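Residue numbers (numbering that gives the first Met the number 0), protein chains in the order written: chain P, 0 to 184; chain Z, 0 to 319.
Incorrect hints may have been included.
Said to hold, decoys possible - If you want the ones that stay clear, here's a sample from chain Z, every Cβ over 12 Å from chain P, calculated:
hint : residue
1    : Arg85
2    : Glu91
3    : Arg106
4    : Pro137
5    : Gly150
6    : Pro173
7    : Pro279
Claimed, not checked - With the Cβ distance kept under 7 Å, some of the chain Z side facing chain P (calculated, not the full set):
hint : residue
8    : Ala34
9    : Val53
10   : Val80
11   : Arg83
12   : Gly94
13   : Arg98
14   : Thr100
15   : Phe107
16   : Leu111
17   : Pro117
18   : Asp118
19   : Gly119
20   : Thr232
The hints are simulated quantities; they were obtained by calculation from the structure and are not laboratory data.
Values in this document were obtained by computation on a predicted structure and should not be read as measured data.
Beta carbons are placed, not taken as given, at the ideal position from N, Cα and C, and that holds for glycine.
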Amino acid sequence: MSRTRIAAVIGKELREYRRNRLLVGSMIVYPVLFTALPIATFFARQPSTASAALSNHIGLSLLYMLLIPMVVPATISGYAIVGEREAGTLEPFLTTPIRPEEILLGKAAAIAMPALAIAYSVYGLFLLAVELFAHPFVASAVFHSNQVLAQPVFIPLLTAWSIWRQDSRRSLRRSRARCGSGRLC
Amino acid sequence: MSPTHPVPTDVLVVEHLTKQFGERLAVSDVSFSLAAGEVFGFLGPNGAGKTTTVRLLATLITPTSGSAVVAGVPLEPANGVEIRQRISIMPESPGLYLRLTVEENLRFFAGLYELRRPDGRIARALEAVNLSGRANDPCGSLSKGLRQRVGLARALLNDPQLVFLDEPTSGLDPVATREVHELIEGLRQQGVTVFLTTHRLEEAERLCDRVAILNTTLRTIGRPQDLRAQLFTASLLVRTKHPLTHPEELFTAITGVQSWQNDDARTYTLTVTDPEVVAPELTRALVAAGADVLSIGEGHHSLEDVYLQLVDEDVEASTG
Chain P
0 MSRTRIAAVI
10 GKELREYRRN
20 RLLVGSMIVY
30 PVLFTALPIA
40 TFFARQPSTA
50 SAALSNHIGL
60 SLLYMLLIPM
70 VVPATISGYA
80 IVGEREAGTL
90 EPFLTTPIRP
100 EEILLGKAAA
110 IAMPALAIAY
120 SVYGLFLLAV
130 ELFAHPFVAS
140 AVFHSNQVLA
150 QPVFIPLLTA
160 WSIWRQDSRR
170 SLRRSRARCG
180 SGRLC
Chain Z
0 MSPTHPVPTD
10 VLVVEHLTKQ
20 FGERLAVSDV
30 SFSLAAGEVF
40 GFLGPNGAGK
50 TTTVRLLATL
60 ITPTSGSAVV
70 AGVPLEPANG
80 VEIRQRISIM
90 PESPGLYLRL
100 TVEENLRFFA
110 GLYELRRPDG
120 RIARALEAVN
130 LSGRANDPCG
140 SLSKGLRQRV
150 GLARALLNDP
160 QLVFLDEPTS
170 GLDPVATREV
180 HELIEGLRQQ
190 GVTVFLTTHR
200 LEEAERLCDR
210 VAILNTTLRT
220 IGRPQDLRAQ
230 LFTASLLVRT
240 KHPLTHPEEL
250 FTAITGVQSW
260 QNDDARTYTL
270 TVTDPEVVAP
280 ELTRALVAAG
290 ADVLSIGEGH
300 HSLEDVYLQL
310 VDEDVEASTG
């Protein structure tokens, strides 16, 4: 496998994402939606809230935020392979010396990078907002829950699972099937 | 058609190449070879298997049977990457990333070819297609003709031994078409072998050293002038101001005239053995007969006539 080719794919993909307003819009809207609700409800919490109920609420809110590393890769990957096919760019791409595994790795990495960046940034903003604006009792409960530590571990795992689930490999095979059958690699 | 035996300078050697998609035979028993620096035209009606042949040779699809040596590398599954390093393809639609600039498109492909010092290569490729001043323009803002030029610049990036151009002038206006023709001439001068798939027969006749006509099987291959000579007999066209009074008597008396026919009352087509021998004697005979001659010229058959003759034969064979 060639690192140069994989890096070329990553660089090209990231440039294309950045200039695709619809994609950038989707990458912003979903995280905002999935973050606004937990933050708003935490600000509304009072010290009088029972600790069990608060703990449940923290768990649910953080779980809700874990939708971000699942939804963002799905949004991007829909564009990554299908977009190439529809734009007619896949065939010239496949006529270069690139191997299928390099395409998949480059595309997967290019999907994972913004997804991870968004998921961690949103999570950081959430913790900052809780620390600065939530009631100290609520903030303390959030920072002392186990889920807070588990969250950074689950973000990459869910991102990887989401990318795998999008089945880029199958999409690529379908694309090749349109060209004919079986490429010499 | 028997395969052409490879010689050391052959950049492409194809032997008995066949591709079947399910029940449908797309390409059958195709054999030919291309010499280095040759511009080769690949003609045929829609669905004849031209693009399938290009995809086979570009390692996009695997042949059902047959073999090929592309840019010195045997067409085998293990050699796909090596073959694609040595060739380049410009599909009918250049397939550019429209949100990226011209330079970014080329830089991406330079990365895929693992080119060292890509800046110089990109600059040279842009210069070759007269696009140096548009390097920072988004490809989406370019006209179709300019996009074709970017596609050609991309095809030149890796200094290929063999370039496949699939309908490079399709949908272009006459000015853009002329520019593409000039670029192909430029490639020939640089010694690059060009495999040109086209529907434009006058384009093939003008640009190509040799042409092949494909209709699932390879119907014919050769230099355009040789193909014309193979398929059509030599002829002379005579136009007079008034109809000749005794044309039969006049024409049959001339040595070398095999047959003649009236196209209309004042135009006569003569099948002759050698126009250069017959034409002077015919002129003298016409003048002696008091004919008011408007013109005497050699009957010209274009590559289009060759193409139509062969394709019509196929249509007749399939319906008969």
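Against the structure, the hints:
1. Chain P draws Arg85/Z into its interface by the beta-carbon criterion, the shortest separation being 9 Å against a cut-off of 12 Å.
2. Against chain P, the non-interface label of Glu91/Z is violated: not every CB pair exceeds 12 Å, the least being about 9 Å.
3. The beta carbon of Arg106/Z is not kept farther than 12 Å from every beta carbon of chain P, the shortest such distance being approximately 8 Å.
4. With a least CB separation of 8 Å from chain P, Pro137/Z falls inside the 12 Å interface cut-off, contrary to its annotation.
5. Chain P draws Gly150/Z into its interface by the beta-carbon criterion, the shortest separation being 8 Å against a cut-off of 12 Å.
6. Residue placement check: Pro173/Z keeps its beta carbon more than 12 Å from all beta carbons of chain P (closest about 24 Å).
7. Once the 12 Å rule is applied to beta carbons, Pro279/Z is consistent with being away from chain P; the minimum gap is 56 Å.
8. Contact between Ala34/Z and chain P, as hinted, is not supported at the beta carbon level, the nearest pair being about 23 Å apart and thus beyond 7 Å.
9. Contact between Val53/Z and chain P, as hinted, is not supported at the beta carbon level, the nearest pair being about 10 Å apart and thus beyond 7 Å.
10. The interface hint given for Val80/Z is met, as the beta carbon of that residue sits about 5 Å from the closest beta carbon of chain P, less than 7 Å.
11. With its C-beta approaching chain P no nearer than about 4 Å, Arg83/Z sits inside the 7 Å limit, and its interface hint holds.
12. The restraint placing Gly94/Z at the interface with chain P holds, with a minimum CB-CB distance near 4 Å, inside the 7 Å limit.
13. This hint holds: Arg98/Z has a C-beta 4 Å from the nearest C-beta of chain P, less than the 7 Å allowed.
14. A least Cβ separation of about 9 Å between Thr100/Z and chain P goes past the 7 Å threshold, and the interface hint is therefore violated.
15. Checking Phe107/Z against chain P: minimum C-beta separation of about 4 Å stays under 7 Å; hint holds.
16. This hint holds: Leu111/Z has a C-beta 4 Å from the nearest C-beta of chain P, less than the 7 Å allowed.
17. For Pro117/Z, the shortest C-beta to C-beta distance to chain P is roughly 10 Å, which exceeds 7 Å, and the interface hint is violated.
18. Checking Asp118/Z against chain P by beta carbon gives a least distance of about 15 Å; that is not within 7 Å, so the hint is violated.
19. Because the beta carbon of Gly119/Z sits about 17 Å from the nearest beta carbon in chain P, more than 7 Å, this interface hint is broken.
20. Taken as an interface hint, Thr232/Z does not check out: its beta carbon lies about 42 Å from the nearest beta carbon of chain P, beyond 7 Å.
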